[in-house]
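Undergrad: Here is what each chain is made of, one letter per residue.
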Amino acid sequence: DTGVSQDPRHKITKRGQNVTFRCDPISEHNRLYWYRQTLGQGPEFLTYFQNEAQLEKSRLLSDRFSAERPKGSFSTLEIQRTEQGDSAMYLCASSLVLADNEQFFGPGTRLTVL
Amino acid sequence: GENVEQHPSTLSVQEGDSAVIKCTYSDSASNYFPWYKQELGKRPQLIIDIRSNVGEKKDQRIAVTLNKTAKHFSLHITETQPEDSAVYFCAALPGFQKLVFGTGTRLLVSP
Chain F
1 DTGVSQDPRH
11 KITKRGQNVT
21 FRCDPISEHN
31 RLYWYRQTLG
41 QGPEFLTYFQ
51 NEAQLEKSRL
61 LSDRFSAERP
71 KGSFSTLEIQ
81 RTEQGDSAMY
91 LCASSLVLAD
101 NEQFFGPGTR
111 LTVL
Chain Z
1 GENVEQHPST
11 LSVQEGDSAV
21 IKCTYSDSAS
31 NYFPWYKQEL
41 GKRPQLIIDI
51 RSNVGEKKDQ
61 RIAVTLNKTA
71 KHFSLHITET
81 QPEDSAVYFC
91 AALPGFQKLV
101 FGTGTRLLVS
111 P
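In the order they appear, the protein sequences are chains F and Z.
Using the numbering used here, the first residue of the first sequence is number 1, and each one after it goes up by one.
Using the numbering used here, the first residue of the second sequence is number 1, and each one after it goes up by one.
Warning: the hint list may mix true and false statements.
[To be verified] Below, computed lysine-lysine pairings styled on DSBU-like, alpha-carbon distance capped at 30 Å:
| no. | chain 1 | residue 1 | chain 2 | residue 2 |
| --- | --- | --- | --- | --- |
| 1 | Z | 22 | Z | 58 |
| 2 | F | 57 | Z | 58 |
| 3 | F | 57 | Z | 71 |
| 4 | F | 71 | Z | 42 |
| 5 | F | 11 | F | 71 |
| 6 | Z | 22 | Z | 71 |
| 7 | Z | 71 | Z | 58 |
| 8 | F | 57 | Z | 68 |
| 9 | Z | 42 | F | 14 |
| 10 | Z | 71 | Z | 57 |
| 11 | Z | 42 | F | 11 |
| 12 | F | 57 | Z | 42 |
| 13 | Z | 57 | Z | 68 |
[Said to hold, decoys possible] Where chain Z lies over chain F, by a calculated footprint (3+ residues, C-beta under 8 Å):
| no. | stretch |
| --- | --- |
| 14 | 11-24 |
| 15 | 39-50 |
[What the hints assert, rightly or not] Over the 12 Å line for every Cβ pair with chain Z, so calculated as not near, a few chain F residues:
| no. | residue |
| --- | --- |
| 16 | 27 |
| 17 | 56 |
| 18 | 62 |
| 19 | 63 |
| 20 | 65 |
| 21 | 66 |
| 22 | 68 |
| 23 | 74 |
| 24 | 80 |
| 25 | 81 |
| 26 | 84 |
| 27 | 86 |
No wet-lab data here; the hints were simulated from the structure.
C-beta atoms are modelled at their ideal positions from N, C-alpha and C, and glycine is treated no differently.
Turn these sequences into a full structure, and let the hints steer you where they fit.
TA: Structure, rendered in structure tokens:
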């Protein structure tokens, strides 16, 4: 499968625990995005990278959230001290800067905070 | 910032009928408008997109129209089939960065 992949697909954690998600973009894509989707809503932008540089962060991304893309390939999203309001689907997408802006989404990681 | 509104929130049609979903956007700098289809528990899949220099685009049973002056764009699905049942999201791209999504339309196509 040459599409965007995410791991894990599901994560159940207790409030206060830290969690980390991974995204592997399409190999030649230099832009990588993180979105959050809650039930019945469209995806909401969290942050994006161009190569290894994090270029924008949403106000939705509190200090408990951190994202990295150390070598410009895969990315991780960490949530510290999880809260019940963090329960959502976390989607990763990738695109080529010089292409037609098409963003291809991964299958998502569904987080449930108990 | 950009704001995208989408209507209707739910749409029920009979197989073979046409379905139309409408979106409006607020930021005149938006230049790219994709539509995604999301089936239950699955990733959003790009089904068609349109750029600001084009007024209409078709791909088999799917078409998208864009009115830049009025800042609205629409998805048209003809000859609907039960497998078209899903949630459809419109989105706008202000500049060359993040997508701003609408709230989604749940389409149900009854046999």
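Undergrad: So which of the earlier hints does this model not fit?
TA: Numbers 2, 14, 17, in rising order.
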